[in-house]
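Hey, can you work out the whole structure from these sequences and the hints?
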Amino acid sequence: MNTSITTRTPLAVEDGVWIVVVGELSIFTLFFTTYLYYRAFSPELYETSQATLNIGIGALNTLILLASSFSVASATRVLQISNNYKSAFRLLVAALLCGAAFVILKVFEYGSAFEAGVNVLTNEFFMFYFMLTGIHLMHLLVGMTLLAAMALQLRIVLRGKGEISQTFGGFATSFWHMLDIVWIVLFPLLYLLP
Amino acid sequence: MKTANDFPPLDAIARRNHRIAVWSGQLFLVGMLLGWGILAGFLTPPPSPSLPTSEVIAFFAEGGVIQRLGLSIALIGVGGLIPMAAVIGDQLRRMEGGRSIWADTQLVCSGLLVWLLSQAFILFAVAAFRADRDPQLIQLIYDAGWLTFIAPVSMVVIWQAAVGAAILSDRNPTPVMPRWLGYLSFWAALLSAPGFIAILFHEGPFAWNGLFSLWIPIAIYVVWWICLTGQLLRNISAEAEIAAT
Numbered sequence: 000m001n002t003s004i005t006t007r008t009p010l011a012v013e014d015g016v017w018i019v020v021v022g023e024l025s026i027f028t029l030f031f032t033t034y035l036y037y038r039a040f041s042p043e044l045y046e047t048s049q050a051t052l053n054i055g056i057g058a059l060n061t062l063i064l065l066a067s068s069f070s071v072a073s074a075t076r077v078l079q080i081s082n083n084y085k086s087a088f089r090l091l092v093a094a095l096l097c098g099a100a101f102v103i104l105k106v107f108e109y110g111s112a113f114e115a116g117v118n119v120l121t122n123e124f125f126m127f128y129f130m131l132t133g134i135h136l137m138h139l140l141v142g143m144t145l146l147a148a149m150a151l152q153l154r155i156v157l158r159g160k161g162e163i164s165q166t167f168g169g170f171a172t173s174f175w176h177m178l179d180i181v182w183i184v185l186f187p188l189l190y191l192l193p
Numbered sequence: 000m001k002t003a004n005d006f007p008p009l010d011a012i013a014r015r016n017h018r019i020a021v022w023s024g025q026l027f028l029v030g031m032l033l034g035w036g037i038l039a040g041f042l043t044p045p046p047s048p049s050l051p052t053s054e055v056i057a058f059f060a061e062g063g064v065i066q067r068l069g070l071s072i073a074l075i076g077v078g079g080l081i082p083m084a085a086v087i088g089d090q091l092r093r094m095e096g097g098r099s100i101w102a103d104t105q106l107v108c109s110g111l112l113v114w115l116l117s118q119a120f121i122l123f124a125v126a127a128f129r130a131d132r133d134p135q136l137i138q139l140i141y142d143a144g145w146l147t148f149i150a151p152v153s154m155v156v157i158w159q160a161a162v163g164a165a166i167l168s169d170r171n172p173t174p175v176m177p178r179w180l181g182y183l184s185f186w187a188a189l190l191s192a193p194g195f196i197a198i199l200f201h202e203g204p205f206a207w208n209g210l211f212s213l214w215i216p217i218a219i220y221v222v223w224w225i226c227l228t229g230q231l232l233r234n235i236s237a238e239a240e241i242a243a244t
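So the sequences go chain by chain: B and H. Residue numbers for the first sequence follow numbering that gives the first Met the number 0, so the first one is 0 and each next one is one higher. Residue numbers for the second sequence follow numbering that gives the first Met the number 0, so the first one is 0 and each next one is one higher.
Check each hint, because a few of them may be wrong.
Said to hold, decoys possible - Chain H is faced by these chain B residues, among others (derived, beta-carbon under 8 Å): (1) Asp14; (2) Gly22; (3) Glu23; (4) Thr33; (5) Leu136; (6) Met137; (7) His138.
In short, the hints are calculated from the structure, not lab data. Remember, it's a predicted structure, so these values are computed and weren't measured experimentally. Here a beta-carbon is modelled for each residue, glycine too, at the ideal position from N, C-alpha and C.
Okay, structure coming up:
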């Protein structure tokens, strides 16, 4: 076998990863259905509350997450076609910085909502707004931890010690893309729905 | 490092003991669902946090002997988790080798979960014990019981995550448990986490009787538990074949 092939470590997505990805997507679908169900009972309350949200920050966060997913996908691609761990590491750091920017913007958004006297108990819309974005944020922190662990592995490989786990990388990157998909549905449902 | 192959396989008597322990773990599920959930009436349907005090009192006053019987079954059954957790720990040790942190983590979590759930059941039993006391006190015990039951999520989350971590980092040539079970454990941990938000709401899907704080965590717990039980029993039987060779 060619040595350059044996040392390459493309990521592998195991079957079991789909339990987490499909499972999470179905649970978030359930969240969204519940939200739409409750919304149908008092559309006016939802509309007036929704109008106070900052669409600009929401849209910016959407772009940030898309950029982070692009970085993660590029890192996967790099590992698939080459041994360029350095560039894969940089792409993961870029994705992590995007993730951090998302968290900072979210904290800022929550902060200005609190200043305006709005919180999770204000009304039904804000219950869903804070809970859905909050649960997504919690998952995002888990996803960032997974990506950071993968980046650390790459760093160790760059120093010539150890090797990267193909299956862990496959899981971490799939999980991150799942978070992106969830946000892409969550954003229009909470911020844009007419 | 020790691997699964280095541990001597269980002999016939040990296999029997391990099976007894796994089946005693099923008492935990029966106690929870049948005792607490159905007989004591906490899941049929779950009483809401926004229930008026008069109805909270009626819930305990009308529960009668059946309710206390249900709580007793729950209190007895919950301890069945401990032998079961010992078997989970034994299998996790086969994955991790001698220096097994995840096996220890899951054992401590299971033990604390038994203590915590007993605490919640006892609080409900206290309310039922003297249902004619000051209504405000009944209300207090009712809230305390439910929040003790639902809000301290970290025991379950860390327990499931520890089992997942051990399965996914198993380095044996033939993994002790299938890797999908590791991913399922990880997912179960994620779904169990939002239980603590029940301390915020008096009604709706995030309250203690809601879809996301109560029903989904219970459902995923049951699925995880059944898969884990089946796998433990398969693993114990498989050791008979190893022992025979």
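Hints and how they fare:
1. Asp14: At about 6 Å, which falls below the 8 Å cut-off, the nearest Cβ of chain H leaves the hint on aspartate 14 (chain B) intact, so it holds.
2. Gly22: holds (5 Å)
3. Glu23: Because about 7 Å separates glutamate 23 (chain B) from the closest Cβ in chain H, which is inside the 8 Å limit, the hint holds.
4. Thr33: holds (5 Å)
5. Leu136: violated (12 Å)
6. Met137: Since chain H brings a Cβ to about 7 Å from methionine 137 (chain B), closer than 8 Å, the hint holds.
7. His138: Hint on histidine 138 (chain B): holds, closest Cβ of chain H at ~7 Å, below 8 Å.
Of the numbered hints listed earlier, the single one contradicted by the structure is hint 5.
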